[in-house]
Amino acid sequence: MKYFYLIISFFISNLVNASGSLSVTVPDTMEERVKACTICHSNKDRVGRDAYYPRIAGKPAGYLFNQMRNFRDGRRYYQPMAILLENMSDEYILEIARYFSSLQLPYPPPENIGIRPEEIKLADLLIHLGDPGRDIPACKSCHGEALMGIKPFVPGLLGLSHAYISAQFGSWRNGGLMRGQNSNCMSEIAKRLTDEETNAIAKWLAIQTVSGEPSLPGTLAPEFSHRCSNIDSENIHSK
Amino acid sequence: MQKHIVSAGSLVIVLFALISAPVPVYAESIQLIPTASDQNKSLGEYLSRVGNCMGCHTAKGGVSFSGGKKMYTSFGVFITPNITPDRKTGIGHWSKEDFWGALHRGESPDGRMLYPSFPYTEYTKVTRKDTDAIFDYLMSLEPVSKDNPSDKIFFPYNLKPLLYFWRKLYFKEGVFNPDNSKSKEWNRGAYLVQGLGHCSACHSSRNFLGASQEEKFIGKKMTGVSWYAPSLTSRLEAGSGELEINEITELLTSGITRNAVASGHMATVIRQSLQFVLPEDIRAIAIYLKSIGKENSDVASAESFPVLSKNIRSRLAQGGKLYTKYCEDCHQSSGRGIPGIYPSLAGSRSVTMASPLNTILSVMKGGFPPNTTGNPRPYGMPPFQQIFHDEEMALVVSYIRNAWGNHSSLVTEIDIERSRNGGRD
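For the record, the sequence lines run as chains S and U. Here the first sequence is numbered in my numbering, starting from 1 and rising by one per residue. Here the second sequence is numbered in my numbering, starting from 1 and rising by one per residue.
Take the hints with a grain of salt, since some may be wrong.
Each pair of labels, with its calculated beta carbon distance range [stated by the list, open to error]:
no.	chain 1	residue 1	chain 2	residue 2	range
1	S	D124	U	R87	55 to 63 Å
2	U	I312	S	T209	39 to 47 Å
3	U	S205	S	D135	55 to 63 Å
4	U	R87	S	Q208	53 to 61 Å
5	U	K96	S	R134	52 to 60 Å
6	U	K60	S	A167	16 to 24 Å
Selected chain S positions facing chain U (Cβ under 10 Å, derived; list incomplete) [unchecked claim]:
no.	residue
7	C37
8	I93
9	A190
10	R192
Derived from the structure by calculation, the hints contain no laboratory data. Since we're looking at a predicted model, the values are computed, not measured. Where a beta carbon is used, it is the ideal one built from N, C-alpha and C, also for glycine.
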């Protein structure tokens with residue numbers, strides 16, 4: 001009788017295995033859910049113009065959350081992003097932001113572009129000291145000592161392509177990007193910079209070897225936090 | 001990518017009583033949590049969801065009901081008005097009678113005739129009691145001072161006399177007349193679909209002057225955008241005649257079923273409106289939709305297909321290679337997808353219906369199904385316009401319309417180009 005049960009149970013388990021192997025299972029993971037994002041925002045399979053798509057892995061979660069909501073709600077304009085996010089809830093956007101923020105992926109090597117010594121000098125100055133006479137703060141005073149951003153809302157500047165950074169400067173100047181509903185700190189700063197300066201900064205940032213992490217929350221000086229008050233107005237903590 | 005069963009339009013609602021007429025049987029299913037004057041407001045809030053008032057009367061990222069959304073149509077760009085109770089920029093100076101005039105007769109309080117981009121052609125069937133409840137609810141909102149720009153209507157549609165003639169020809173002020181040979185649920189569904197839900201605003205064909213072919217739900221390309229709102233009667237499109245009631249209700253409330261997923265504007269309507277409709281009303285709607293699916297059975301599609309030329313076979317094979325590389329991971333080599341996650345393309349009516357627009361737009365722009373209580377963390381479809389050229393998109397769409405037993409027209413680069421500017425907000 002015992003053997004009979006064994007045989008039966010063996011038979012049943014084989015049936016289960018057989019049917020299991022027929023059905024394809026989809027991983028219940030964020031990685032699987034966000035394939036629509038990683039078709040562009042990934043290191044794999046890059047073709048041609050993809051150089052434009054910014055890296056999002058490892059960026060501060062609050063920054064990613066705000067930007068996705070801005071795309072969805074028409075405060076930052078890029079139609080492909082607006083369409084993907086159209087019917088997405090804040091809760092899910094936050095989950096996606098946290099997922100990408102936590103991703104530790106190797107950074108690409110520095111971009112191979114030419115930069116003249118005087119451009120390096122100009123960029124160095126603006127990035128580390130700014131130009132107080134024109135009310136232009138140093139990049140690192142907001143984007144962190146390592147230029148990797150400040151958690152949770154300020155984005156890092158390294159590991160992005162020259163093309164992307166230049167395009168963002170352009171958008172801030174002509175208002176097309178419209179980050180935040182109020183007149184925005186980055187928009188004011190971009191308007192004070194000359195073409196030569198923005199170009200030098202974009203090149204300088206793109207040729208850096210990336211190392212370091214976003215700075216910890218609370219390291220943004222109060223004067224800058226105040227000046228860019230609209231960046232943390234989205235209440236990520238309430239979620 | 002999608003198969004909409006019922007698309008676009010929102011749903012609607014219900015009713016309670018016709019003014020001065022006996023209370024009809026179909027109009028009483030809402031269970032309110034009562035306290036006298038709040039009762040009407042909460043009914044109004046519910047009805048405004050069913051009619052999805054805020055879907056149109058809210059700009060992207062704007063305050064609900066404060067208007068400013070641009071509605072692109074072939075007749076011009078309509079900017080939706082502020083319907084919060086602000087006295088200067090909203091409708092705070094309106095009376096209940098004024099509101100009834102707008103919904104029931106398509107007239108604004110100053111006597112102007114309204115353009116039918118505001119679907120009073122459907123709302124005219126909503127009862128006085130329901131419109132009053134919606135009005136009470138709107139009046140209870142926080143007033144928002146927001147002056148929206150005026151409509152930009154193209155010539156000759158901006159000529160008022162033309163609107164006058166249009167109304168004479170196509171607008172019939174009316175009430176919902178229950179069909180006593182049908183069940184109470186059926187009548188409730190019909191009332192919601194034909195009235196407040198204004199489904200036919202998208203799902204009915206419009207003639208050259210923009211009038212819907214009343215209640216036919218025969219499907220049409222939506223004006224001003226590329227999405228095609230499929231027929232709600234044809235079994236080759238989104239007719240529900242052969243579906244189970246619970247499959248229809250599941251799609252309408254969660255946005256996804258084992259076999260279908262809502263996309264495009266229908267996904268938005270589900271997120272904004274349908275997922276909040278009470279189960280008994282959704283069931284009534286499903287019963288009605290199923291019945292109109294049956295009434296109009298199409299000729300069986302037993303046409304024979306010509307033998308494919310060598311050239312066409314080669315194009316389909318190229319599309320098949322792209323499919324293997326980019327699509328198969330999710331939609332499977334069988335084309336059958338993963339139920340409830342990645343929709344089946346094999347045998348999908350959304351893929352095979354005569355208009356390839358929705359399939360092209362899904363491939364081109366991708367998207368996530370609506371986030372709903374029933375499907376809060378959906379899996380997404382990538383926007384392949386970011387990596388495919390037009391020719392590649394044409395090849396892959398042609399392939400999926402003709403693989404696994406599907407038989408539909410081939411798609412060209414011209415079709416892709418034409419679809420490109422759709423999906424606009």
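Status of the hints after comparison with the structure:
1. Taking 55 to 63 Å as the suggested C-beta distance range, the pair S/D124 and U/R87 conforms, at roughly 58 Å.
2. Look at U/I312 against S/T209: about 52 Å separates their beta carbons, and that is not inside 39 to 47 Å.
3. Taking 55 to 63 Å as the suggested C-beta distance range, the pair U/S205 and S/D135 conforms, at roughly 59 Å.
4. A C-beta distance of roughly 57 Å is found between U/R87 and S/Q208, which places it inside the suggested range of 53 to 61 Å.
5. Roughly 59 Å separates the CB atoms of U/K96 and S/R134, a value that falls within the hinted 52 to 60 Å.
6. A beta carbon spacing of about 22 Å between U/K60 and S/A167 agrees with the range 16 to 24 Å that was offered as a hint.
7. With a cut of 10 Å, the hint placing S/C37 at the interface with chain U holds, because the nearest CB-to-CB distance is about 7 Å.
8. Here the hint on S/I93 is kept, as its CB sits about 9 Å from the closest CB of chain U, short of 10 Å.
9. Because the beta carbon of S/A190 sits about 22 Å from the nearest beta carbon in chain U, more than 10 Å, this interface hint is broken.
10. Interface hint at S/R192: violated, since its Cβ lies 28 Å from the closest Cβ of chain U, which is beyond the 10 Å cut-off.
In summary, the numbered hints that this structure violates are 2, 9, 10.
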